[in-house]
Structure formats: C-alpha cells, structure tokens
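**Q** Chain residues, written in single-letter form:
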Amino acid sequence: MAHKLMEEVEQEAEMNMTPMIDVVFLLIIFFLCIDFKILEAKLPAYLPKDRGSQTTETEPVEQLSLKIVCDNWGTKALRQPDRGATNKDGSPAAFVLNNHLVHWMVGPRRITDDKVLITELKKIADDPSRRVTDPKTGEKKIMTVVIEPGSQTTYGDVAKTVDMVTVAGFVEINFGGGAAAK
Amino acid sequence: MSKHGRSQELDMDMTPMIDCVFLLMIFFVLVIDLSQKEMENLILPKAEYAIPDEDPPDVRPIINITQDGRFVYKSNTFYDPAEHGEDFSKAGELLSIWKDTVVTDTEVVSLGGSTMTLVNDPVLIRADKWTEWFYVGKFMAACATPDAAFWKLELAMSEEDKEAKLLRGLQAAKGGK
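Line order of the protein sequences matches chains W and A. Residue numbering for the first sequence follows the numbering used here, starting at 5 and increasing by one per position. Residue numbering for the second sequence follows the numbering used here, starting at 2 and increasing by one per position.
Excised from the complex, chain W in its bound form (with noise of 0.2 Å):
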C-alpha cells in the first residue's frame, strides 16, 4: 500500500509540457509573421551630414512636349440606367460620357487621330538626330515626353496617352502642366 502511494506520488510530480508548447509556438507564429524591416526602418540613426556633393549646375534637358486639349467635355449619360440616378447607399451612379473628344498637341502640331499621334511619336523615337544626351551616364537617349492634361480631360485620355506614347517606344514619362482646372 505504502508502495502504491509513493508512485502516485511521483506520477503527480509530473510537469505538463502542453501550455509551454502552446505558448512556444503562438511566439514562433509571432516572429515568423513580423516584418522587421518596418521595425528597422524606425531605429534613430545618425546619417553624416550632407556637404553638397552636387554643386555643378546642369545643363536642361530637352522634352517633348505632349498636351492634351478637351475640344468636347460631352454629355453624361447613366452608366446602367435601368438602377437610376444614384447607387443603393445614395452615391451618385456611374456615368459615362457621349461624344467626349480630345486633341493632342506634339509641338506645336494639332493632330486628331490615335493613329496618326503614333505614327508622329514613333518617328520621333526612331530619330536619331532627336535623341538627347544622359546628363547621368552621358550616352544618347530618347528623349522624355511631357504629357500636360488640359482641363475637362479625363483619366481615360490620359491612360490612353500613356499607352500610346508608350508604344512608340518611349521610355521616360512626365507629368506636367500641374493639376488641370476643372
């Protein structure tokens, strides 16, 4: 009997790994999923002082200059008429516009037609008496367009622009022209 107590005893005295377990894993999830590169990012560090290291003035850059002129802002029309004037929680539906036409000004040639705004662009690009110089590496590069948005023109021009000038093989896009009017 006395025996029998004694290995209750020492069964007893048993230690329950599960809890230390479950707390190791929850802290393995904890720091497998943390970003420490945020973390890192918020350490104060003291940089060394900037001395001017770009004192040289450069020469400008030469642009090609690309606007976009709104000729038609064009009439609104429902999107899906059949859901009415505004959406279930009372945003005005979406519109689309009707007869809505732009122009584009490379230079200061008016041109009318996409096709006709890439073949422009293109020929552009493929000039190689149009290239300008890299003031970074010093080699012959096509030149950057500046693409200034009028007022009334829509991200749908813009984005349509983009594609286009894209195509015709340039590399580097701006913008400018600031924020167009309403």
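It cannot be assumed that every hint is accurate.
[Claimed, not checked] Ranges of calculated distance between the beta carbons of each label pair, as one might list FRET restraints:
id	chain 1	residue 1	chain 2	residue 2	range
1	W	Asp130	A	Leu31	48 to 54 Å
2	W	Ser133	A	Pro53	33 to 39 Å
3	A	Lys166	W	Lys126	27 to 33 Å
4	A	Met117	W	Gln67	18 to 24 Å
5	A	Met40	W	Gly111	34 to 40 Å
6	W	Thr141	A	Thr78	40 to 46 Å
7	W	Thr137	A	Met40	39 to 45 Å
8	W	Asn20	A	Met117	52 to 58 Å
[Claimed, not checked] Listing some non-contacts, in silico: residues in chain A with all C-beta distances to chain W over 10 Å:
id	residue
9	Arg61
10	Ile63
11	Leu119
In short, the hints are calculated from the structure, not lab data. What you are looking at is a predicted structure, and each value in this text was computed from that prediction instead of being measured. C-beta atoms are modelled at their ideal positions from N, C-alpha and C, and glycine is treated no differently.
Since chain W is already given, all that's left is putting chain A on it; use the hints.
**A** Just chain A, lined up with the frame of chain W:
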C-alpha cells in the same frame, strides 16, 4: 474505488483541441489575403498596347479615385470633394501613413540643398475611365511634394473594354425584352 478511477480516465481533455483551434485561427487571420479589399469597383480604360502586369511588386500601395473624385484606400475614403472641397491635405496624410507603415524601399537624397526621403516603391493609381483628370492630377501633385516624395507612379488600365461589354449587355437585355 476502482470503478471511480475508471470513470475519471474517460474524461476528455479539451485543452489541446482549443489550443490547436486558437493556433489555426491566428494563422489564418495573419495569412489571409486582404489585397482584394484594395480594389474598388471601377471601370478602367482599356489598354490597347500596354503589357499585362505579370509580376506586380510586393509593396505597391493602391489608390482608387472614383468618378466623383473620392480618394479611396482599402475601402476608406480619405478625400471627398463634397466634404473637403479644395482642401487636398488628406491626400498628404494618406501618403504620410504609407511612408510610415507601408513602403519599405526608401532612399535619403539631397536635392537643392535640402535632404528628403525618396520612396522607390511604386504607387498604383486606379481611376474610372471618366474620372476627371483634375482629381488624379491633385493626387499626383501631393505625391510630388518633398514631404511625400513618391516618384514612381503607375496608371492602371484594363485588358478588356469592360464599359463596352456592359453597354452591349444592357442593349442585349433591352432587345430580349
């Protein structure tokens, strides 16, 4: 005495199961892909020539600009023309949040005698085909300020003309009636 002992042995210990369930819950909460929440229901302009985005970068905050000019990020509206009018400071606040918590690739540069932190991670601008460029331009202007210094901007386009498809569907439905 022995009967009592056997009935105790049959008791089921629920603790490990609950532990496992909690672990699975934590795992799925952390791993679940919330990227779809970043996309508002917009009809993008059709790309005629652009190449599809086969391998999008890991870090690329997405801003949605709706037809009525609202700036929406992860279903939260940061700027609403009806509420904020000409005050676009909310766009700056959003960019500041991105700079502190979202982007990872930054670079300290010196320009014109002052230092600024350039963000090399791209920003994807999604706007409806008929959104006025005015609002997109204002967001881009906010990106270009020295405090924000997001210089790599991408414009989202669609592979198919969803608007034409929608209008064709409506016409077909009318014809069917």
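**Q** Now, for every hint given, state plainly whether the structure supports it.
**A** Evaluation of the provided hints:
1. Range check, Asp130 of chain W to Leu31 of chain A: about 52 Å between beta-carbon atoms, so the 48 to 54 Å window is met.
2. Take Ser133 of chain W and Pro53 of chain A: their Cβ atoms lie about 34 Å apart, and the range 33 to 39 Å holds.
3. The hint said 27 to 33 Å for the Cβ distance between Lys166 of chain A and Lys126 of chain W, and at roughly 30 Å that hint holds.
4. Take Met117 of chain A and Gln67 of chain W: their Cβ atoms lie about 23 Å apart, and the range 18 to 24 Å holds.
5. Evaluation of the 34 to 40 Å hint for Met40 of chain A and Gly111 of chain W yields a pass: the beta carbon distance comes to about 38 Å.
6. A beta carbon spacing of about 44 Å between Thr141 of chain W and Thr78 of chain A agrees with the range 40 to 46 Å that was offered as a hint.
7. Checked against the hint of 39 to 45 Å, the pair Thr137 of chain W and Met40 of chain A passes, with Cβ atoms roughly 42 Å apart.
8. At roughly 57 Å, the beta-carbon separation of Asn20 of chain W and Met117 of chain A lies within the given 52 to 58 Å, and the hint holds.
9. Every CB of chain W is more than 10 Å from the CB of Arg61 of chain A (nearest about 15 Å), matching its label as outside the interface.
10. Chain W leaves Ile63 of chain A outside its interface by the beta-carbon criterion, the shortest separation being 15 Å against a cut-off of 10 Å.
11. Remark: the non-interface label on Leu119 of chain A is consistent with the geometry, its nearest Cβ contact in chain W lying 14 Å away (cut-off 10 Å).
No hint from the list above goes unmet by this structure.
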